[in-house]
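The primary structure of each chain is shown beneath.
Protein chains: 2
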Amino acid sequence: MLITSVDNPRIKELCKLKTSKGRKKEGKFLVEGAHLVNEARKCGCLLEAYSLTEKEGYITITDNVMRKLSQTDTVVPEIGLCRIVKKEELADRILILDGVQDPGNMGALMRSAKAFGFDTIVLGEGSCDIYNDKAIRSSQGAIFKLSFIQADLLEYIPALKGYTIYGTNVVNGIILAEAIASDKLALILGNEGNGVRKEVQALADKNLYIPMHNTESLNVSVAGSIIMYSLRAK
Amino acid sequence: MLITSVDNPRIKELCKLKTSKGRKKEGKFLVEGAHLVNEARKCGCLLEAYSLTEKEGYITITDNVMRKLSQTDTVVPEIGLCRIVKKEELADRILILDGVQDPGNMGALMRSAKAFGFDTIVLGEGSCDIYNDKAIRSSQGAIFKLSFIQADLLEYIPALKGYTIYGTNVVNGIILAEAIASDKLALILGNEGNGVRKEVQALADKNLYIPMHNTESLNVSVAGSIIMYSLRAK
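From first to last, the protein sequence lines stand for chains A and B.
Per numbering that gives the first Met the number 0, the first sequence starts with residue 0, numbered consecutively.
Per numbering that gives the first Met the number 0, the second sequence starts with residue 0, numbered consecutively.
Next comes chain A alone, as it looks inside the complex (with noise of 0.2 Å):
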């Protein structure tokens, strides 16, 4: 099959899935370039793929159709098509987010927490949407090994049991060499501006902090990084 056209109405209803609204409605989300389409694959949930150039198992497109589907500048020579599977499993690592918003550092933080064994992500309100473009190239292919949980972390957190929960903040908090990486352990990594608020704060068993020479704060995909690298399953 060869779309020319970017009028066609199988791209036009791709289009509706480049908004967080379009992909919760129709349970799909696009990856883009070759790395990822490969991974969305062995993951099992790629349903379709579209290249520039005649492939068997791909659906040819003209090179405006791809810069149509595609959401950043350089034009890529793959775009696959994913659904998106709800994986809920409980790892003994878990990373709980409240209110990471950039796209960028969600995805640094998918892709650590693959690399350092904290399979499962749940997600407070006001996190970024996993499935941002920019948040699933960042991953690098993380997004499709992990789990992840929405949750209304106020009610989530004190029915986690048998997890030690770490917060991170600097007031009442022990340093990070101090903190000890037991079997299962959940770690909370606050918003980007605000850090975590004060009533999931509360809800950890211990805040963490990183001894830091003349500086306020790192970047959270950086800190969460270095926490979970210091905490990793071995």
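Keep in mind the hints are simulated off the structure, nothing from the lab.
Remember, it's a predicted structure, so these values are computed and weren't measured experimentally.
Certain hints may be false.
The list cannot tell twin chains apart, which means a pair is met if one copy fits it or any two copies do.
What the hints assert, rightly or not - Mimicking DSSO-like on lysine-lysine, the simulated pairs with C-alpha atoms at most 27 Å apart in a straight line are:
no.: 1; residue 1: Lys67; residue 2: Lys233
no.: 2; residue 1: Lys17; residue 2: Lys133
no.: 3; residue 1: Lys197; residue 2: Lys41
no.: 4; residue 1: Lys11; residue 2: Lys160
no.: 5; residue 1: Lys27; residue 2: Lys11
no.: 6; residue 1: Lys86; residue 2: Lys15
no.: 7; residue 1: Lys233; residue 2: Lys23
Fit chain B to the given chain A structure using the hints.
Chain B only, in chain A's frame:
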């Protein structure tokens, strides 16, 4: 003073600082937002400050002029004109960047470098301009507190005496936990897509790697920050 026109010659001069070429030629750069303007003032490199509202020591500009100067979508209340200060001190911990290209990564690395005592950053060819607006924003002011050295890494690294040089590579590497935080050390990080060039890698005393589960790599600012945290100055 009040400036209302985007055609004002002073504003036109400032607009030249939006490009790397213009900044190099003039030896100046712009920062956006009250936090960065204050940091620039504290560090003694603020030349002029522009505000939407009348404030002592500020040149008042109108909304249209601010939009013209600003490189973000949201309107910032103030912008500062800063001079580029050459400060080439060698700290005991040095971060060497071999072609880190993304401004967000560059800024996050500056922020982490400051936090962990890597107070000198050596910029090899192909590295992103540190005065890029996004890099400055992500640095959260760390840019004012670090020394920067532009260098040809193939000449610079062999001439760096008394430092343990750590490269980053999984192949022939030792795990990070086994690295020793010696008195003087340098860490080399590479380009987002290609890593550290082979010929630069060859100049390291040892290569480090971060153990990961089912993941090929981490975001460079995340990986660099984890290593800087682990080898930080105490």
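Structure-based check of each hint:
Taking CA atoms no more than 27 Å apart as the test, lysine 67 paired with lysine 233 passes in neither setting, with 44 Å inside one copy and 52 Å between copies. Taking CA atoms no more than 27 Å apart as the test, lysine 17 paired with lysine 133 passes in both settings, with 11 Å inside one copy and 24 Å between copies. Taking the shortest Cα distances, lysine 197 and lysine 41 never come within 27 Å of each other, neither inside one copy (41 Å) nor across copies (31 Å). In this assembly of identical chains, lysine 11 and lysine 160 lie within 27 Å of each other by CA distance neither inside one copy nor across copies; the values are 46 Å within and 61 Å between.
For the identical chains of this complex, lysine 27 and lysine 11 are intra-copy neighbours only, at 14 Å inside a copy versus 47 Å across copies, given an alpha-carbon limit of 27 Å. With identical chains, the CA atoms of lysine 86 and lysine 15 are at most 27 Å apart within one copy only, with a shortest distance of 24 Å there and 51 Å across copies. Within a single copy, lysine 233 and lysine 23 get their C-alpha atoms no closer than 36 Å, and across copies no closer than 48 Å, so neither meets the 27 Å cut-off.
Against the hints set out earlier in the document, violations occur for numbers 1, 3, 4 and 7.
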